[in-house]
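Visitor: Read off the chains here:
Number of protein chains: 2
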Amino acid sequence: MPRILRIAAAQMGPTSRAEPRATTLARLVRLLEESAAAGARLVVFPELAFTTFFPRWLLSEAELKPYFETAMPNPQVQPLFDKAKELGVGFYVGYAERAEDGRRFNSAITVGPDGTILAKYRKVHLPGSVEPRAGDRFQQLEKRYFEYGDLGFPAFRGPAAWHRPVMGMLVCNDRRWPEAWRCYGLQGVELMVMGYNSAAYDPNGGSTENEEIRTFHSTLAVQANAYMNATWAVSVAKAGNEDGSGLIGGSCIVDPNGVVVAQARTLADEVVATDCDLEACRQGKEKMFNFAAHRRPEHYRRIVEQVGAVVPE
Amino acid sequence: MPRILRIAAAQMGPTSRAEPRATTLARLVRLLEESAAAGARLVVFPELAFTTFFPRWLLSEAELKPYFETAMPNPQVQPLFDKAKELGVGFYVGYAERAEDGRRFNSAITVGPDGTILAKYRKVHLPGSVEPRAGDRFQQLEKRYFEYGDLGFPAFRGPAAWHRPVMGMLVCNDRRWPEAWRCYGLQGVELMVMGYNSAAYDPNGGSTENEEIRTFHSTLAVQANAYMNATWAVSVAKAGNEDGSGLIGGSCIVDPNGVVVAQARTLADEVVATDCDLEACRQGKEKMFNFAAHRRPEHYRRIVEQVGAVVPE
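Chains as they are written, first to last, in the numbering used here: chain A, 23 to 335; chain B, 23 to 335.
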């Protein structure tokens, strides 16, 4: 019996620092409506979807404050929740979280078609640095602005309207870390959802990587980790030129064979939607990646017993 | 300063059960000569390179015996060692090992250009089953014929003639398991070498996968794990139709960006060779995959604390 859930990857084009939050939210609502019109029951938005990718700037506490949500939902984002409930569509969205105790996280939530928050995730693999790099026009200050996620990788069940998929969330750089995927794989995950803001090139002028190779890396990591965990994966960009700093696009929906079944073609607001049969995870989980039959954790201890590389003499 | 090592992937076509071992060894010697003529200093051969892929047959102890090497080298394989030393070329080769105590492993060794064995590896991720599947024409009995590898994933240094790369070995199915790659990645691996025999389709008539998707999976797993560990990878098939059971080809050399830089085009004996600059690993290891800066092992404990999947209600 197929368990078909139609999912939309709702890629966003660039959001400049100057763009009013209400304008950005109106774009999200429009993408949600477009996704619903395409038949999607779940819409995946990018990381930090409500604002520009502010960790590229060295900001004061006062400047930082408006980028953060102190509650979810809240009046600034309520119209998205209202529209989703009205349409009976759920969504994943990334946002900057300021907890009640003042701690800040790069977070994501999945909201059900009835408007309730099903689960929250806080990004574990923060890239960048705490201290700004002297002389650089653009920074990557996630390690300065956020704490490391403290919730681990908890899988959860989606609602009956989605055929109760086992779901897992990641945020951006997490998708390049096979440990994160495996922790969800070990919970039988059938649907991974994630958003990203990934630089298209070294914004300070380096030439070792370009947009093509970085888009390839983004897609490759999702394809292989989807295959190796026999799960669907939906990976969604904020793309294009944000105030002079380029972001890759390439938002994609990947099946449990690691095959890209839908991919965005632009660097702008763009919806791609496809039917995902959750039963397609079964073959991989029962054969090649039957973990109970084939894993040998006694040989994996380095993965938890050391952080950095220890190189032989 | 580049550290360039020229490597050959020496794919083998099918080896039937009836083929005399001396004939197969002569093919290995020819592939070695061809690789040396192409300038390679290291040649990578397949898994179980000296014989047919015998785990597809249910065999008696007496039938099994001749497939196993009780010493390495030994008179049956000595001509390969002699030719390699003469040419100053080293190699990776997979073979069926019977240890002195009678235990059997699906093993591989890397031999230096001076003919010494640099390291041995015993396959950890054995696929297949212990008991034969009733009524099936072809079996996959690796779990019956071999014990799980007991050496872990020990990286080692190649010789000065190869610019002392940090090397790691895998065998076949291991390449699909990110845990195995990461254990080597955590030792700073710069060059992963592996051989395989992978079914091109369900030899008993299933239709859920075909040669194209299985070749794609093989390449995808190597590309992504090479990228995620910032290492070169050389993955080499025994390919083609062995007594009615098809094996994929697709032997490839992959750079630390996950890009396939050379790939076999046939299902026959075929050499592809390319220059590999070991310094190309540096960028990934120092930036995106700087493990010391970015890994969070406190969240990875499921990877060692459970074997099979534990699915949420």
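Be careful, since some hints might not be right.
Since the list can't tell identical chains apart, any single copy or any two copies may satisfy a pair.
What the hints assert, rightly or not - As a list, the in silico DSS-like pairs of lysine-lysine whose alpha-carbon atoms are at most 25 Å apart: (1) Lys165 with Lys87; (2) Lys309 with Lys105; (3) Lys105 with Lys165; (4) Lys307 with Lys107; (5) Lys307 with Lys165; (6) Lys107 with Lys87.
If you're looking for bench data, these hints aren't it; they were derived computationally from the structure.
Visitor: With reference to the structure, classify each hint as holding or not holding.
Guide: Status of each hint after checking the structure:
1. Lys165 with Lys87: Answer is within; shortest intra-copy Cα gap is 16 Å, inter-copy 58 Å.
2. Lys309 with Lys105: Intra 41 Å, inter 41 Å, cutoff 25 Å: neither.
3. Lys105 with Lys165: neither (34 Å within a copy, 54 Å between copies)
4. Lys307 with Lys107: neither (33 Å within a copy, 45 Å between copies)
5. Lys307 with Lys165: between (35 Å within a copy, 18 Å between copies)
6. Lys107 with Lys87: This pair counts as neither: shortest intra-copy Cα distance 28 Å, inter-copy 67 Å.
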